[in-house]
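> Given next are the chains, with one letter for each unit.
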Amino acid sequence: MTRAMTDAEIAVRPRLGFSSNVTQALFRLLAAALLCALLASLSDVFMTQSNILNVLRQTALLFLMASGLTLVILTAGLDLSVGANIGLSACLAASVIKATGSPSLGVATGIGCGTMVGLANGALVTALRIPSFIATYGMMWMLTGVTYFYMGGETIHGFPPAFRQLGSGYLLGIPMPVYVMVLFLAIGTFFAQRTVWGQQVYAIGANPVAARLSGVPVPSRLLLVYTLSGAMAGLASLIILARINSAQGDIGEDLTLPAIAAVLVGGTSLFGGSGTVAGTLIGAFILTLVLNGMNLLQINASWQPLVTGVIVLVAVSINARTRRTDE
Amino acid sequence: MKYLALGAGIALAASAATTALAANETIAVFTKNLTNPYFQAVRVGAEAAAKTLGVKVDQYVPTKPDSIPEQLSQVEDVIVKKPDAIVFIPVDYKALVPAVEKINAAGIPVTNITDRSASGDFVAFVGANDYAIALATGRALLKAMGGKGNVIILEGVKGSLTAADRSRGFADAIKEFPDVKLLASQPANFQRLPALQVMENLMQSFPTIDGVLAANDPMAIGAIEALDGANRKALVVGINGSKEAVELIKSGKLVASGDFNGFIQGCLGVEIAVRNLHKQATPKEVILKPVVIDKTNYTPYETPVEQRTCPTLAEVASQ
Chain A
1 MTRAMTDAEI AVRPRLGFSS NVTQALFRLL AAALLCALLA SLSDVFMTQS NILNVLRQTA
61 LLFLMASGLT LVILTAGLDL SVGANIGLSA CLAASVIKAT GSPSLGVATG IGCGTMVGLA
121 NGALVTALRI PSFIATYGMM WMLTGVTYFY MGGETIHGFP PAFRQLGSGY LLGIPMPVYV
181 MVLFLAIGTF FAQRTVWGQQ VYAIGANPVA ARLSGVPVPS RLLLVYTLSG AMAGLASLII
241 LARINSAQGD IGEDLTLPAI AAVLVGGTSL FGGSGTVAGT LIGAFILTLV LNGMNLLQIN
301 ASWQPLVTGV IVLVAVSINA RTRRTDE
Chain B
1 MKYLALGAGI ALAASAATTA LAANETIAVF TKNLTNPYFQ AVRVGAEAAA KTLGVKVDQY
61 VPTKPDSIPE QLSQVEDVIV KKPDAIVFIP VDYKALVPAV EKINAAGIPV TNITDRSASG
121 DFVAFVGAND YAIALATGRA LLKAMGGKGN VIILEGVKGS LTAADRSRGF ADAIKEFPDV
181 KLLASQPANF QRLPALQVME NLMQSFPTID GVLAANDPMA IGAIEALDGA NRKALVVGIN
241 GSKEAVELIK SGKLVASGDF NGFIQGCLGV EIAVRNLHKQ ATPKEVILKP VVIDKTNYTP
301 YETPVEQRTC PTLAEVASQ
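Residue numbers (my numbering), protein chains in the order written: chain A, 1 to 327; chain B, 1 to 319.
Treat the hints with care, as some may be off.
Stated by the list, open to error - Derived lysine to aspartate or glutamate pairs resembling EDC-like cross-links, with alpha carbons at most 16 Å apart: (1) B:Lys-279 - B:Asp-84; (2) B:Lys-243 - A:Glu-154; (3) B:Lys-64 - A:Asp-254; (4) B:Lys-64 - A:Glu-253.
As the list claims (entries may be wrong) - Derived contacts from chain B toward chain A, CB cut-off under 7 Å, selection only: (5) Thr-35; (6) Val-157; (7) Lys-158; (8) Ser-160; (9) Leu-193; (10) Ser-205; (11) Glu-225.
Derived from the structure by calculation, the hints contain no laboratory data. The beta-carbon is built from N, C-alpha and C at its ideal position, and this holds for glycine as well.
Excised from the complex, chain B in its bound form (with noise of 0.2 Å):
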């Protein structure tokens, strides 16, 4: 019905735009899954965003989470639709490099987002650096304890680029914290029963764990439920800016969020595709600024999502 409702309001969008801008160019979107609410805020950044821009997006999201395989296919089957453009997110920056060639060679352009293909002629790219963002949040984490005491790593599926990415900011914040702690670093997949069971077995063996990294919101989650079982008390801090973090920042039992901003990236995403399809600049690259959120900035994060409205380039430029 959302979706209804949304495609409703584009069209609406789409007839009272001025025809100044060349009617009914379609954009395909591809992201990852249909379960992480950070694909969710992409999907919404980029409605947002054709809104504002008069164009049609279509959504292409694998049923199966993050299955190669579909992708592919799905790629497929676009590059027969021929879209006007393509904004894509890669299930997998290695394996989907074929997919990119085909699109390339169907001469579509295609903008990359998020996660940033191994290889492939991209108009741009817009992401954030899970490096960073592991950094800034771990530095968060390690001074809110006051710069001493344990910490464990919560780590995410291993394998995965942004996995290894966000464990090696945790990582190097952790050294430069020299009376801090690494007592462990286990993967718990990402997901929250994993982190639930994985903290409860470490709460076993450490009697004191003053902090914790989990490298997405999901997990933290998991080992705050895990302390509050035992009655244990630990700083913990996440990634991914959810909207259950935002929630448990303000209640305070979350310390940190460090925010990917998908929303942003689906905006960004879309905006840079239209601009290249009516020959206007675009810049090759953009990084997005690591944005911890803590109880001291959390208030913006509050509006949902489908109710906040796109930035423009030149206002994330100037950040």
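Here chain A stands alone, though its shape is the one from the complex (with noise of 0.2 Å):
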């Protein structure tokens, strides 16, 4: 009986999920148009296109670290280690470039280091059951260990001009990272919202027992989302790369809580089953505009971590409200 009810209950879910989601993102989007029109009304060069465009490149990079994450907080878990892999991702990718001259090989590298890393965690969450909190956590210290060791304290700086393209270059106009971050706007979507194994993402946060009772693979969805997060954090570490130039031991610090914060604030919920990539977007789209605006308005950017805590908080417990009256 009780069977019976949790498969219909999986049917259902993903659907409800999805249009629950619409309103979310939809009322994130008026709260960042609402954060866009107060800062045009204070600041004259706000609305310039130069800085839409000096927005939109910031926000690329902060989708991009958030994007993978998003999906492994969609199934309820959570990837601490995001931070670290772009640290230990780009300094690999840094000396193959240094080492060989050749940007495709450092896409390689800082990519394929990145989605290795991830699959180690989805196998330390499905193979060795350890929760995904304490195994991100850990392989976080392990990663910035290896990273400190590697790099023994040194910079590597100055790559070739066809890798900065990545970062810094532009195309009819707009900043490449831009162009990556729609990319990975629409595939994340499409896997998300339009395909089977996106849906069994959405079934194992809301229900995993059920998930697995209604015949969803549990463990290779994990093992996919992971994975996944380890790739886009390899993406990301090469779009720093090629924005700053170097790499030194320290660069994936304080890199994760941010990409959490964008999560949070585009909406998708920690417990798993709800929220949307596209969601994440506008998340780290409201986190950018107010280190943006602060600059722009010269408030001393210090006040910055206080007011993203404030933003973070509103947005959780606004999304709580939301979904308790959808239900």
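Using the hints, build the complex out of the two chains.
Here is the structure:
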């Protein structure tokens, strides 16, 4: 009896989740628009084309870090190793580019390293059944240690112009990272909303037992989302490298928590099963606007963490309220 | 591998050294992290001095950068091991005072370098003056700008003594030039990516930025990347005299970098510790003169720290 009910729930849950996700996304778009209107009224330069492109380029980086993480959080998991993974991937890619002069080998190294780390996270979570919080927390420390040892306090810098294009180049007047962002927004949204695998990711987050009973291959889907999160960290590491033109051991520090914040502000629930990749983009956009606005208005940017914290709490509590009324 | 090779080198030097020196004195050297090249230079300087003086150096570095609890527990571990002397950079000049008191209570002579501890009994303090370095580096930039134009300051981590002293030095340099206007002063946390993004944002507000005063080299380099990305030109200075900064000075992208000279601080810290052990006279305080590296004097800095030789106390004193 209960079995039949949970099956029915599985069938309904994703679609229900999707409609509520649309409302959620609209809420956040509205919030972002209000923030833009506020900044436009306070600063003459905010609405200029050049500043909008500037904000989008900065958003792109945060979005890429947070996009794979969104899938992990949709399964009610967490990936705390994103920043450390970026650090190791960036440092390895940097030394490969330096040694070979080949941007494509560097790109392969960065994405390859990120993906392998993600796969390892997935293996810890599925094969060894370590809770994701702990598995990726341990991974974070291991990666940080390996990166520090590998770099030995040194800096690698100066990459070929062809590689730098990835972070600082333009195509038709629009920064390259913005194209990468749009591409992965499309891929991520299609995967999550339009494929069976994507819907299974939502189902796992909503109710892992029910998902398993209704035939979702839970371990292999979990392995997939952690691997994707790692791959996106690898990709983000390349954009960072190309932007700042150097790598040092602490390059990934302080990146994990902003990425988690972007996911949460974007409306994805830490309890899994609800949220969207597009929401994460809006979350990343809102958080980027905060720093941009403070710099433009010359408010001391030391206040930024405090404002970010307030925004995260407000976003999450709005999220909790609207979902309760949905159900 | 590098450490192993260094270790082997020291062992060889020690065994070759005449027995006039007490055999195998051990100096424990504490630095803040494994990520900032500055502390790497301190460690290399300490090793170099140890090799010359025939003593052994043990390095203690928190695995989590600048971790107060980790350094506290490392100090406790080291007190148990009883090294002959300690050379100490507190990760926080106030929070580590209890650790210093424990070292004092254990009777191990300790020399303080780089960041002056708020209290405690030290053989000596060796350091550079952040304020004086920032003042001199700021002046170098403003002179290069012809004494006029618009500038911005990129500050370090808010609340850190180093960041505060450097910001103050920059601000005082700007006051000496009435035709220089300070447009904005924003923190970028001593890191490259935040500096890049803050600079990108500030360039939106200000169509003309002639100079950038960055409180360390990574932020200066982040600012240069932002300027390059926007096809804009401004003169930039940083602080630390890092290898990367020296290369950029050579190629003309960076005007100057104030030298905090970790290598010499590491050398002198160990030299003073050893002289004290041998009951030789030691100065109570050595403050290195601010040196600004620019295109006129960068050549000696191209030698990697690993290949530099330690100046002696007498040489530094005569500068």
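> Mind listing which of the numbered hints don't hold for this structure, in increasing order?
6, 8
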